[in-house]
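Chains as they are written, first to last, in our numbering: chain A, 1 to 114; chain B, 1 to 113.
Hint data in this document are derived by calculation from the structure and do not stem from the laboratory.
These figures come from a predicted structure and were not determined experimentally.
Where hints are given, some of them may not hold.
[Unchecked claim] Taking lysine-lysine pairs in the DSSO-like style, the calculated list, with each CA pair at most 27 angstroms apart, reads:
id, chain 1, residue 1, chain 2, residue 2
1, A, Lys-41, B, Lys-77
2, B, Lys-60, A, Lys-52
3, A, Lys-44, B, Lys-52
4, A, Lys-52, A, Lys-40
5, A, Lys-67, A, Lys-19
6, A, Lys-52, A, Lys-36
7, A, Lys-41, A, Lys-19
8, A, Lys-41, B, Lys-60
9, A, Lys-40, B, Lys-77
10, A, Lys-9, A, Lys-22
11, A, Lys-22, A, Lys-67
12, A, Lys-67, A, Lys-41
13, A, Lys-67, A, Lys-52
14, A, Lys-44, A, Lys-67
15, A, Lys-44, A, Lys-71
[Claimed, not checked] Computed footprint of chain B on chain A; a stretch qualifies when at least three of its residues, placed anywhere within it, have a C-beta under 8 angstroms from a C-beta of chain B:
id, stretch
16, 30-43
17, 102-114
[Stated by the list, open to error] Footprint (simulated), chain A over chain B, 3 or more residues, beta carbon under 8 angstroms:
id, stretch
18, 20-34
19, 45-56
20, 84-94
21, 100-113
All C-beta atoms, glycine included, are put in the ideal place defined by N, C-alpha and C.
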Amino acid sequence: DTAVSQTPKYLVTQMGNDKSIKCEQNLGHDTMYWYKQDSKKFLKIMFSYNNKELIINETVPNRFSPKSPDKAHLNLHINSLELGDSAVYFCASSQDLRSNSPLHFGNGTRLTVT
Amino acid sequence: GNSVTQMEGPVTLSEEAFLTINCTYTATGYPSLFWYVQYPGEGLQLLLKATKADDKGSNKGFEATYRKETTSFHLEKGSVQVSDSAVYFCAHSMDTGRRALTFGSGTRLQVQP
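Please put together the full structure from these sequences, using the hints given.
Shown next, in the form of structure tokens:
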């Protein structure tokens, strides 16, 4: 069984559209994250949730809205997509908020905005 | 502020060569340190970690030692294989309650047969 699964794997869409990426973890972890990886492989934290509570909300346009219906799921909705949103988005989870708790990553969603 | 700096790639080696990828960090306290590996088309996988000074993390022949005095966590492997070709990320994490991993920019390793 995949520990952290996100769908879809690929997403191609036009500017101005609204899209969602779903993430689920079956590890029983308390904490989930969204990271954005740009074309140069740089990883930047976007959001994190702990037990469904928003913990980190970095400088991200408010077109991006995370939703955590339960602690096993963290979805990412993006409104009015722009060309600059093209990237790979990774979902991750960790046992809890302790610093030595490693992150487990999904395989990523490659978003291409045309 | 908190940041992680790692050597730019790509690093190109022949099979069985010795590997070092340098990583240094800045932090206001004592972070936990990690190395992650990303194979093509996949997500990041934890390679090894160290949570306090002088700890050595090791896995699959890779090693890294937490050096507080030089704020470094260099990744080493004695004999690389073609299958080690990937992007390697150094990262740290603080016990701040808001914690998230802060990643370096990644170093691409290419191992040639």
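Okay, the hints, checked on the actual structure:
no.: 1; hint: A/Lys-41 / B/Lys-77; in the structure: holds (23 angstroms)
no.: 2; hint: B/Lys-60 / A/Lys-52; in the structure: violated (35 angstroms)
no.: 3; hint: A/Lys-44 / B/Lys-52; in the structure: holds (24 angstroms)
no.: 4; hint: A/Lys-52 / A/Lys-40; in the structure: violated (31 angstroms)
no.: 5; hint: A/Lys-67 / A/Lys-19; in the structure: holds (13 angstroms)
no.: 6; hint: A/Lys-52 / A/Lys-36; in the structure: holds (20 angstroms)
no.: 7; hint: A/Lys-41 / A/Lys-19; in the structure: holds (23 angstroms)
no.: 8; hint: A/Lys-41 / B/Lys-60; in the structure: holds (23 angstroms)
no.: 9; hint: A/Lys-40 / B/Lys-77; in the structure: holds (25 angstroms)
no.: 10; hint: A/Lys-9 / A/Lys-22; in the structure: holds (10 angstroms)
no.: 11; hint: A/Lys-22 / A/Lys-67; in the structure: holds (10 angstroms)
no.: 12; hint: A/Lys-67 / A/Lys-41; in the structure: holds (25 angstroms)
no.: 13; hint: A/Lys-67 / A/Lys-52; in the structure: holds (8 angstroms)
no.: 14; hint: A/Lys-44 / A/Lys-67; in the structure: holds (19 angstroms)
no.: 15; hint: A/Lys-44 / A/Lys-71; in the structure: holds (22 angstroms)
no.: 16; hint: 30-43; in the structure: holds (count 5)
no.: 17; hint: 102-114; in the structure: holds (count 7)
no.: 18; hint: 20-34; in the structure: holds (count 3)
no.: 19; hint: 45-56; in the structure: holds (count 4)
no.: 20; hint: 84-94; in the structure: holds (count 4)
no.: 21; hint: 100-113; in the structure: holds (count 7)
Checked against the numbered hints given earlier, the structure breaks hints 2, 4 and satisfies all the rest.
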